[in-house]
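*Asks:* Protein chains in written order, with this note's numbering: chain A, 1 to 366; chain B, 1 to 161.
Read the hints as simulated data drawn from the structure, not as lab findings.
A virtual CB, placed ideally from N, CA and C, is assigned to each residue, including glycine.
Only true hints are included.
Taking lysine-lysine and the BS3-like style, the derived pairs with C-alpha atoms no more than 25 Å apart in a straight line are:
1) B:K30 to B:K45
2) A:K122 to B:K53
3) A:K122 to A:K132
4) A:K125 to B:K55
5) B:K26 to A:K122
6) A:K122 to B:K140
7) A:K132 to B:K53
8) B:K41 to B:K55
9) B:K30 to B:K55
10) B:K55 to B:K45
11) B:K55 to A:K122
12) A:K122 to B:K30
Stretch by stretch, here's where chain A covers chain B in the computed footprint (C-beta under 8 Å, at least three residues):
13) 5–18
14) 32–42
15) 103–117
If you want the building blocks of each chain, they are given just below.
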Amino acid sequence: MNIRRDNYESWFLDYLDGRLNAGQVKILMAFLEFNPDLREELEGMEMFRLDADEVRYDLKAALLKPVPEPDRRFLLDHFEEYCLLSIERQLSEPEEEILRAILRDDNKKQRVYNLYQSTLLKADKNILYPGKSRLRRRFIQIPGIRIALSSIAAAAVLFLALSLMFRKSREPLADREISSASVKEKQTEEVISSVTPATVERSATAAIPVTTAIPVTTATPGTGIRSESIPAADKRDQGIKARGMQEHVIISGIKPIVAEPLKHPGETDGSLLAERLSIPGTDDRLTLDVYAMKKTAANRKEKRSERKFSFWNLADAGLRRIGEMSEEPYSLERETDDQGNTHRFTFETPVFGISAPVKSPDSPRE
Amino acid sequence: MTVEEYNSCVEDHADGLYRFILKSIKDSAKAEDIVQDSFEKLWRKVREVSYAKSKSYLFSTAYHTMIDVIRKDGRMEHFSGENPEGPAHEKHYSDLAEILHRALEMLPHVQRTLILLRDYEGYAYSEIGEITGLNESQVKVYIYRGRIFLKHYLGSLQAVI
Chain A
1 MNIRRDNYES WFLDYLDGRL NAGQVKILMA FLEFNPDLRE ELEGMEMFRL DADEVRYDLK
61 AALLKPVPEP DRRFLLDHFE EYCLLSIERQ LSEPEEEILR AILRDDNKKQ RVYNLYQSTL
121 LKADKNILYP GKSRLRRRFI QIPGIRIALS SIAAAAVLFL ALSLMFRKSR EPLADREISS
181 ASVKEKQTEE VISSVTPATV ERSATAAIPV TTAIPVTTAT PGTGIRSESI PAADKRDQGI
241 KARGMQEHVI ISGIKPIVAE PLKHPGETDG SLLAERLSIP GTDDRLTLDV YAMKKTAANR
301 KEKRSERKFS FWNLADAGLR RIGEMSEEPY SLERETDDQG NTHRFTFETP VFGISAPVKS
361 PDSPRE
Chain B
1 MTVEEYNSCV EDHADGLYRF ILKSIKDSAK AEDIVQDSFE KLWRKVREVS YAKSKSYLFS
61 TAYHTMIDVI RKDGRMEHFS GENPEGPAHE KHYSDLAEIL HRALEMLPHV QRTLILLRDY
121 EGYAYSEIGE ITGLNESQVK VYIYRGRIFL KHYLGSLQAV I
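Model the full assembly from the supplied sequences, consistent with the hints where possible.
*Replies:* This is how it looks when you write it as structure tokens:
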């Protein structure tokens, strides 16, 4: 069990009672490093201890009852039971004396007692185990080597998992743009011809084709992203398919407005910009760029929680297997919040344990 | 325990363990496997089990393995308390021990096991309870019932003879 802020009391009590082993004490001390307020609480508890007073009860003798003498009549009435107790060596000396006296006086009862005696089994010493030589051993494995090997394996598993995680997070920015642009491409190809065709105007000054503003159609449940439709007649020009291109969106009859760049949530370095049109007196519109980026981010976040080949799953599976093979405790556990983000991890080995907070990858970058 | 202590366990307890299992399941090959398996488990925990506790560890391990074997083989016995063949068929057995072991086979395996542990190895009721997972009262009741059956069986033979 890992120590957390919701179960530390039992750990404190075990520590004060001396029931924690060396590894658990290390885990507790590591936990207190990150929770100084609880360290104070533990130190406060150590100061208060109750020691039992030496109190004696002087009236004990009055409570004692006399031990009844064995009753011959009672033994005769329960003779076979007493025979069983005798051969099981459960009778007291006075009871054995009375039983022997009864047996001396009555041959019939003696025969019954002998029958009970006959039920005692005797081991046949001629039966020997034939494979004894195979059972003997010459030496015990050196545990240090086993711990060292299993520790190396655990480190290798963690390194592999970490390298996997870092490789994904350090994917080049351009590649990410390309991947989101690919999604945008896909979105552009999903043309729905349910909207009144709009005219397409081409800017004389730019090679980038323009299209009319796209009315919002339906809301996608759960994501809050409004879907868009592009009239079939206004399919994009091939030039749009070039990566990273931006679009000017205009409303026919209204002068083109160069919108202010909008930073995508989570992207603060200015990459993956999209344009938002600010149209007085009308509803906000989403360009396809913004729609595609929001949709991609929502999908990525949803799938992150379902990802099987993640750092945590890989590390946990690897350490669990190492623990089974080495018969030593290895574990990596994490605490998550409601959104599934990890905010604390605990790593335990036979030699040491550590528990530390983790910054969520979704927290805003500073 | 040390390697020397482990090897002493082999010398001291292998025969007794084998005898106990063999009398319980009447199959020498399986009894050998169970004994070997029990010592293998002791070896794996050689650093955790002390020499003083090794005997009870071995018997406890062997007992539970034996129960698994019995269940796997479907050898569930029902105690009827009677010899279906009748006491007259035992006339040709002149050796009391042989008759006794024949009667032992007719006991339910729990009663048989407890009597073997009690008589062969001299375990106390509490120790038998630890090995078998029963409490002391249950151990006593099973042993007493087993002995009463054996006594009646022997008594009925004597009456015939």
